[in-house]
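A.B. asks: What follows is each chain in one-letter form.
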Amino acid sequence: MSVEFCGLRLAHPVINGSGTFDALAAARALGPGVEEDFPFAAYVSKTITLEPRAGNPPPRLWEAAAGMINSIGLPNRGVDSYLGQDLPRMRFTVTGAEGPVPVPVITNVMGSDAAQIARLFERCDGEPAIAALELNVSCPNVATGLDIGADPAELESVLRAVRPLTAKPLIVKLTPNTADVAACAAAAEAGGADAVSLVNTIRAMAVRPDLSGPWLGGRSGGLSGPAIRHTALAQVSAVCSRVRIPVVGMGGVQNARHARELMAVGAALVAVGTENFRDPAAGRRIAHGLASQPI
Amino acid sequence: MTDTGYGTRTLGVAQRRQVGAYTLLAVHDDAPAPRPGQFAMLAAADGWGGGEDERPFLPRAVSVCGHEEGRVEYLLEAVGPGTELLCGLQAGARLRALGPLGNGFSAPREGEHAVLVGGGIGVAPLVLLERRLSAATVLLGFRDAPRAAAAGLFTAPRVATDDGSVGAHGSVLALLEPELAAQGAKVYACGPTAMLEAVRALCDERSVACELALESPMACGYGACWGCVVPLSDGSYARLCFDGPVIDAARLDRVGEGFGAAS
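Heads up: the protein sequence lines correspond to chains A and B, in order. Residue numbers 1 to 295, in my numbering, belong to the letters of the first sequence in order. Residue numbers 1001 to 1263, in my numbering, belong to the letters of the second sequence in order.
Treat each hint with caution, since some may be false.
As the list claims (entries may be wrong) - Here are some chain A residues pointing at chain B (derived, C-beta under 7 Å):
| # | residue |
| --- | --- |
| 1 | A25 |
| 2 | A29 |
| 3 | L30 |
| 4 | G33 |
| 5 | P58 |
| 6 | I72 |
| 7 | L74 |
| 8 | P214 |
| 9 | W215 |
| 10 | D279 |
Please keep in mind that the hints were generated in silico from the structure rather than gathered at the bench. Every residue, glycine too, gets a C-beta built ideally from N, C-alpha and C.
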């Protein structure tokens, strides 16, 4: 089952979506089994920014039909705290075909312009514990208000500026909230991305029970879970048809069948997100299903 | 596949018992003994997602109410699609559970006397707390007699009801106030938002130590999603599932907007 991805050897093709599994918190809440028999072949961190972020005011969650809407707002303690305190503790092993192997850490970062992203890349580049970087481009440009990743020309230009600053493999986490996700993927490839990952959550909103306004503290949020699985399949399929770099497919994956569907349309790896909230061992269960079940 | 012990487990319902307006579910469970104030994420193994608007989708955070070897008890009130399904589970039905989770109440220190203050379905974690303490004053508030039946789960409770049908007529706060005059009172409270805010404000005014078991809708229960945060007085947010659900009242400016309820 082991797979090659951007020069990394992974025990199986199942990883986590950024922000859907806090490995250090999970180990403390659920026990050392999390670290010793990690549910994913690589660990994608939550989004790290230059400065600490508190995140959005609550309420942050809404349960939707076959899914949920979140408006978390990327809370994190900033890159200094991440590199100094969290990263050194991220030593996990996953059971592969030849026994336990270390879990590579993929650090997800976000900046609101090329200069911020450049500083994040420079900070992370010298860290041997970071196997790869994932760039979250679902961030509004402070000048234009548009998501960096929603406009192909903007995305390519930002990537051309920052790509040379790190020797690490670079995954670009595409936003699905754009007119032409395949064009954005092609722009990421042209800008030097080694892989793309999609889909992030789909912009969504919930109204208070008394109809008095938006439910979420951040007003709108992102829809995830099985409700978006077929949207994700269409977007992953379109992207896989357009680019040559490997694609990490995600969106509503709950079992090995769903993972196989994403791989059938071209995904090299599959990420599990919202299903982790319902079962912290979901990734392990899905990886095992991929290895053992016939189609 | 070997069980590494950290995933959601499928368990069987041992017994379902009506306690007035509430449902007491006893579940076969060999997990380590829960601490008072801890909770589990629960979902029915069958039919989850089959309700109105295709809900529920996420598991529900439910306080542990009782424990004996091999058996964990939960007290539930049907207030939405998730709790309705859980309340309907019969003996032999299967459910999915992750837990025990979260930080429980801290034990009273030498010289401290525990005063337990519960409101409505929020009395659940206090049942286990009373059983673990050698001595405690238990004060409970309910809307009406069907809900006040939950007082029967305690050894020596004093009860107030909004409608006066059981015990004192009025708020549990009226029962609490005289108790705070005694030296060394330590308050442990769980209940609706308005009650918790009143308890917090009263304890703050009288400089009485106070721990609150708080509630917020959760997606994961183990610190992954950051969805269940509540604002602390230092301006930061605490994940209730991970930093709570029991929070020292001194860390809060108030219990109010943003503190949600189960569904």
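A.B. asks: Answer holds if the nearest beta-carbon of chain B is closer than 7 Å to that of W215/A; otherwise answer violated.
C.D. replies: Not OK, violated: W215/A not within 7 Å of chain B, min 10 Å.
A.B. asks: Does D279/A pass the interface check with chain B, least Cβ-Cβ distance below 7 Å?
C.D. replies: 4 Å, holds
A.B. asks: A closest beta-carbon separation below 7 Å is what the hint needs, so does P214/A meet it against chain B?
C.D. replies: Check failed: Cβ of P214/A comes no nearer than 14 Å to chain B, outside 7 Å.
A.B. asks: A closest beta-carbon separation below 7 Å is what the hint needs, so does I72/A meet it against chain B?
C.D. replies: 5 Å, holds
A.B. asks: For the restraint on G33/A, tell me whether the closest CB of chain B is nearer than 7 Å.
C.D. replies: 4 Å, holds
A.B. asks: Does the interface hint hold: is L74/A within less than 7 Å of chain B, judged Cβ to Cβ?
C.D. replies: 9 Å, violated
A.B. asks: Let me know if the C-beta of A29/A comes in closer than 7 Å to any C-beta of chain B, holds or violated.
C.D. replies: 4 Å, holds
A.B. asks: Would you settle whether the hint for L30/A is holds or violated, based on the nearest Cβ-Cβ distance to chain B being less than 7 Å?
C.D. replies: 4 Å, holds
A.B. asks: With a cut-off of 7 Å on the beta carbons, see whether P58/A makes it to chain B.
C.D. replies: With a closest approach of 4 Å, the P58/A hint holds.
A.B. asks: Under 7 Å is the threshold here; is the Cβ of A25/A close enough to any Cβ of chain B for the hint to stand?
C.D. replies: With Cβ-Cβ at 3 Å, under 7 Å, it holds.
Hints 7, 8, 9 from the list above are not met by this structure, while the remaining hints are.
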